[in-house]
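With these hints in hand, go ahead and build the complete structure from the sequences.
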Amino acid sequence: MKPTTWTITLSISRQSGGAPRHFQEFTLEVNPDEYVLDAVERVWAFHDRSLNYRHACHHSTCGACGMVVNGVEKLTCITPIREVTRDRGTLRIEPLRNFPVQSDLVVDMSAFYQNMEASKLNSVSPVEKADLPIDHPTPAAPAVDAERLVDCIECGLCVSVCPAAATSDSYVGPAALAGAHQQFQATGEISLLDWADHQDGLWRCHSAYECTAVCPSNVNPAWRIMNLRRHVVSQRIRSLFGAKEPRP
Amino acid sequence: MMNQPSPRKFWRWFDPRYRQIGTWAFILNRITAIGLTVYLVLHLYMLSKLVQGPEAYDAFIALAKTPVILFGELLVIAAGLIHGLNGIRVGFNSFGFGLQRQRETFIVLMIIALAGTVYFAVHMFGWA
Ligand code: HEM
Numbered sequence: 209m210k211p212t213t214w215t216i217t218l219s220i221s222r223q224s225g226g227a228p229r230h231f232q233e234f235t236l237e238v239n240p241d242e243y244v245l246d247a248v249e250r251v252w253a254f255h256d257r258s259l260n261y262r263h264a265c266h267h268s269t270c271g272a273c274g275m276v277v278n279g280v281e282k283l284t285c286i287t288p289i290r291e292v293t294r295d296r297g298t299l300r301i302e303p304l305r306n307f308p309v310q311s312d313l314v315v316d317m318s319a320f321y322q323n324m325e326a327s328k329l330n331s332v333s334p335v336e337k338a339d340l341p342i343d344h345p346t347p348a349a350p351a352v353d354a355e356r357l358v359d360c361i362e363c364g365l366c367v368s369v370c371p372a373a374a375t376s377d378s379y380v381g382p383a384a385l386a387g388a389h390q391q392f393q394a395t396g397e398i399s400l401l402d403w404a405d406h407q408d409g410l411w412r413c414h415s416a417y418e419c420t421a422v423c424p425s426n427v428n429p430a431w432r433i434m435n436l437r438r439h440v441v442s443q444r445i446r447s448l449f450g451a452k453e454p455r456p
Numbered sequence: 002m003m004n005q006p007s008p009r010k011f012w013r014w015f016d017p018r019y020r021q022i023g024t025w026a027f028i029l030n031r032i033t034a035i036g037l038t039v040y041l042v043l044h045l046y047m048l049s050k051l052v053q054g055p056e057a058y059d060a061f062i063a064l065a066k067t068p069v070i071l072f073g074e075l076l077v078i079a080a081g082l083i084h085g086l087n088g089i090r091v092g093f094n095s096f097g098f099g100l101q102r103q104r105e106t107f108i109v110l111m112i113i114a115l116a117g118t119v120y121f122a123v124h125m126f127g128w129a
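Chains as they are written, first to last, in this note's numbering: chain A, 209 to 456; chain B, 2 to 129.
None of these hints come from the bench; they were simulated from the model.
Some hints could be false.
Unchecked claim - Example chain B residues on the side facing chain A (calculated, C-beta under 7 Å, incomplete): (1) N4; (2) Q5; (3) P8; (4) R13; (5) W14; (6) Q21; (7) T24; (8) V91; (9) N94; (10) L100.
Think of the CB as a built atom: it goes at the ideal place given N, C-alpha and C, for glycine as much as any other residue.
Structure below.
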């Protein structure tokens, strides 16, 4: 069967060197089952080698290719073109919001990574601590702890979509708070609660739940933030009565 | 460099385009919170008329019975129901209760708020 071909227009945000941004249009023929990132790469390869964008693994592990596609935060390497436009349609591609734009679609994520580091999220965790929709596999060699990569791929989509992050650059953001929660679940380390328990931490969230809606990796930051609040409040109440350790 | 967070981008709180129902809840909560706070100030100001004696207060009460002011009061009731009911939802969600059902809860609560507003409208405007 001949593959379907769609003609689509990519309207890409261009901005460099402090100049105001503008949108540049490129019309391409694509297979609708290709991914948005494939189309962006084709623009770079065949139309304009000066286009700046981030990408690496192309299989939703590195978290580099987050962009705003037709108004919605997407990990473009796993977003089929078919899902976000139609034949003769347009894809409006913008850099992530709430991060300084360095050039075109590339944003400066250094503050984000610093917050992730401060959350102490370990990039691997024991398999038995994972929220997997399957029964936990028994390790082949039980003497060795089976580990897996944690779900958060540090793509920044949750920060881009968050209304609270739009107005406060000191807010640590949903990803780092979710990281602290995950690490707290794994280790019970009280200092993580102290780190999250301030106005630019847990209490800056205003429950729009958009972070969970855009997360491409099932981290569910909204639930983690709320659950961490519960741990913080319960810890504070317990410490009033002299307890030092969290409830196991 | 553009695009970084800034307090001047507060308008983005109120932009529901491409967003989910949680954003609608957040927007409605904020707008009704502002409305209720403004109303509280007005309300206290109007009550202060009491100290100016019965004439001033009676004149105000006559004004309060006009349809425009009645409609304004209906908005306050709607805002109170929306903000109060959603506030209970946010309060529970904030500690992890009912979070997986937050969308459905919001829809049900807003139907209750609408029904309550209609009930008050019927009685306030004497349609019953
Ligand atoms: C049943 C009564 C009420 C409940 C359950 C309630 C609950 C809440 C909750 C949970 C929030 C936080 C929302 C968030 O995290 O985004 C909030 C915010 C707020 N409320 Fe209420 N509230 C009530 C009545 C009122 C009244 C009567 C006023 C004004 C006179 C008011 C003014 C505000 C203001 C100004 C905010 C801040 C809005 C924001 O940050 O978006 N509330 N309320």
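The hints, checked one at a time:
The beta carbon of B/N4 comes within 5 Å of a beta carbon in chain A, closer than 7 Å, and the hint placing it at the interface holds. Interface restraint check: B/Q5 against chain A, minimum CB-CB distance 5 Å, threshold 7 Å, status holds. The criterion of a C-beta within 7 Å of any C-beta in chain A is met by B/P8, whose closest approach is roughly 5 Å, and the hint holds. Against a cut-off of 7 Å between C-beta atoms, the interface hint on B/R13 holds, since the closest Cβ of chain A lies about 4 Å away.
Taking 7 Å as the C-beta cut-off, the interface hint given for B/W14 holds, the closest approach to chain A being about 5 Å. Interface hint status for B/Q21: upheld, as the beta-carbon distance to the closest one in chain A is roughly 5 Å, under 7 Å. A cut of 7 Å between beta carbons decides the hint on B/T24: the least distance to chain A is about 5 Å, and the hint holds. For B/V91, the interface hint holds, the least distance from its beta-carbon to any beta-carbon of chain A being 5 Å, beneath 7 Å.
Residue-level restraint check for B/N94 holds (minimum Cβ-Cβ distance to chain A is 6 Å; threshold 7 Å). For the restraint placing B/L100 at the interface with chain A, the shortest Cβ-Cβ distance is roughly 5 Å, inside the 7 Å limit, so the hint holds.
Checked against the numbered hints above, the structure violates none of them.
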